[in-house]
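With chain W held as given, fit chain X onto it using these hints.
Each chain is listed here by its residues.
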Amino acid sequence: MGLIEIRWHGRGGQGVVTASELFAEASMLEGNYIQAFPEFGPERMGAPIKAFTRISEAPITIHSHVYTPDIVVVLDPTLLGQVNVTEGLSDDGIILVNYSKDLESLKKILKFKGKVYALDATKLALEKIGRPVANTSCAGALVKITGLVGIDNFLAATVEKFKEKLPEKAVLANKEAIMAAYNGVEQ
Amino acid sequence: MKMVLSGNEAAAYASMIARAEVIPAYPITPQTKIVEKIADLIADGKFNTQFIKMESEHSAMAAAISASLVGARTFTATSSQGLLLMHEMLHWASGSRTPVVMVNINRAIAPPWNVWADQSDSIAQRDTGWIQFYCESCQEVMDTTIQLYKICEDNDVLLPAMLSEDAFYLSHTSEPVDMPDQDAVDTFLGKFDPPYKLDVENPHSFGSLSMPHQWYMEFRYKIALAMEEARKKIVEVDREYGKIFGRSYGGMLDLYRCDDADIVLVAAGSMSSTIRVVVDELRENGAKVGFARLRVFRPFPAEEFRSLAAKVGTICVLDRSFCFGYEGAFFTEIKAALYGIDNPPLVRGYVIGIGGRDVTRNSLINIINDSNNPEIKGPVDTWVDLKRC
Chain W
193 MGLIEIRWHG
203 RGGQGVVTAS
213 ELFAEASMLE
223 GNYIQAFPEF
233 GPERMGAPIK
243 AFTRISEAPI
253 TIHSHVYTPD
263 IVVVLDPTLL
273 GQVNVTEGLS
283 DDGIILVNYS
293 KDLESLKKIL
303 KFKGKVYALD
313 ATKLALEKIG
323 RPVANTSCAG
333 ALVKITGLVG
343 IDNFLAATVE
353 KFKEKLPEKA
363 VLANKEAIMA
373 AYNGVEQ
Chain X
1499 MKMVLSGNEA
1509 AAYASMIARA
1519 EVIPAYPITP
1529 QTKIVEKIAD
1539 LIADGKFNTQ
1549 FIKMESEHSA
1559 MAAAISASLV
1569 GARTFTATSS
1579 QGLLLMHEML
1589 HWASGSRTPV
1599 VMVNINRAIA
1609 PPWNVWADQS
1619 DSIAQRDTGW
1629 IQFYCESCQE
1639 VMDTTIQLYK
1649 ICEDNDVLLP
1659 AMLSEDAFYL
1669 SHTSEPVDMP
1679 DQDAVDTFLG
1689 KFDPPYKLDV
1699 ENPHSFGSLS
1709 MPHQWYMEFR
1719 YKIALAMEEA
1729 RKKIVEVDRE
1739 YGKIFGRSYG
1749 GMLDLYRCDD
1759 ADIVLVAAGS
1769 MSSTIRVVVD
1779 ELRENGAKVG
1789 FARLRVFRPF
1799 PAEEFRSLAA
1809 KVGTICVLDR
1819 SFCFGYEGAF
1829 FTEIKAALYG
1839 IDNPPLVRGY
1849 VIGIGGRDVT
1859 RNSLINIIND
1869 SNNPEIKGPV
1879 DTWVDLKRC
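As they're listed, the protein sequences go chains W and X. All residue numbers for the first sequence refer to my numbering, where the first residue is 193 and numbers rise by one. All residue numbers for the second sequence refer to my numbering, where the first residue is 1499 and numbers rise by one.
Here chain W stands alone, though its shape is the one from the complex (with noise of 0.2 Å):
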């Protein structure tokens, strides 16, 4: 595994940039080293965000801004149209998105060529967390599209991300979100 790079798109409040730390934090359990960072910038509540994560089995010696993301992951389906969420992404670059409707109007709307994947985690997270906070789920989702995580690390690394700021409850909870995206994603 060379250098991946991911983008995270959200808004603020929707816990984009923990996504992002989350998905480095189980990488770096399988030994690879990793960097998390959110878009340089003022955080407003409902705001476009961005957030990023590098992931690599060699040191990270870089510190400039992700260009050419590898990956892409879009939390909230109302940017769509309204932020370019697959700027800089090559046709054999991947894209996620939340989205409740059928994969080829998505497919339509992101004139993408490479590989498109869609996951109603809002619905998800409703579900099993009881609030629309897709984050967990899109990045379990993500597990499994990308491979680049096991899932029981990504569990491992869930638990002690939220032991210490949520419920007991809350964890388990998002932890069941995380197995239901990812044993539902389609492409």
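Distance windows between CB atoms, simulated: (1) W:Glu352 x X:Gly1740: 26 to 34 Å; (2) X:Ile1874 x W:Met193: 39 to 47 Å; (3) W:Glu352 x X:Arg1859: 31 to 39 Å; (4) W:Ser297 x X:Leu1844: 58 to 66 Å.
Here are the simulated lysine-lysine pairs, DSS-like style, with alpha carbons at most 27 Å apart: (5) X:Lys1731 x X:Lys1809; (6) X:Lys1544 x W:Lys361; (7) X:Lys1544 x W:Lys355; (8) X:Lys1551 x W:Lys357; (9) X:Lys1544 x W:Lys353; (10) X:Lys1500 x W:Lys353; (11) X:Lys1500 x W:Lys355; (12) W:Lys367 x X:Lys1500; (13) X:Lys1544 x W:Lys357; (14) W:Lys357 x X:Lys1500.
What the hints contain is simulated information worked out from the structure, not anything from laboratory work. For glycine and all other residues, C-beta sits at the position ideal for the given N, C-alpha and C.
This is chain X only, laid out in the frame that chain W set:
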């Protein structure tokens, strides 16, 4: 213990593992997370320290100096406008010979408002008598903060030190960071035990009047001598730290693939790691390029630059700040350090990344290509990636 930490969090944990006893601070973007994380660590019962939320940065530094004078190990953190507000007190800290350790997040100065990476804030404090370090990674922030207590609290040094890390590129970027064991750090640092301190049982006067015929000039001379001692101590401590903890950072000037280099880039801060990537790439294509990272700006590594200059043809100096009316500070100082040597290299100056503008691979390749451009006459700064204006 291996953790994933941002540069801000690494600084907060480092203050804990170094057992800072008093932390007066005032929050400012993008340093805020340092203050928040320290508050968390205290609330969780992990960090036993006296945290004082001050009403301004000027007061924060005044409190830090006072705490240090009674013999407490002291930490604080700030950025940009906050550092500028401290300016008067920075002189007071070095004049009082208080080894306060401070993390500064390098952020641009307003107006216009800009909270992104730019080293003008710390460069403007060059002459305050503070030791100045610039870090490249979150791990180095952790390790250097610990090293600084060892350097500054040495009785031959007793000067304050400022560790700078770039806004967002380090302050908000999460990376794997290994926090050394508490016992090992305790042994490494020992207790802060200054020879003179504010003590009701053994009174001394600090900061009193010294007239022209008395000792003021000698006090200043002693600071100059202490800076020279710091020079040796910085190299020693980095070497010792490497032996104990397995990581060291090149002492004063961190040389990367410079041995047979024709062209060497010089820079400080987070762009260093991007430069390393470019150097590796060009080396694979046979270009003899190297990199010298300015880890310490005060005391200035003049001797290290003279040794380097004897071996290379061209030095390209990258400044993430500018001193209006002249040049980038690194550019000016490196040229001055090389005055009078035999066969000096060509030295070129580049102003780059001002106000957080991204320093990319392409910007760096352009600089290296430009360094042989015969149309550039004499040592003048080139502003990189400027838009038409």
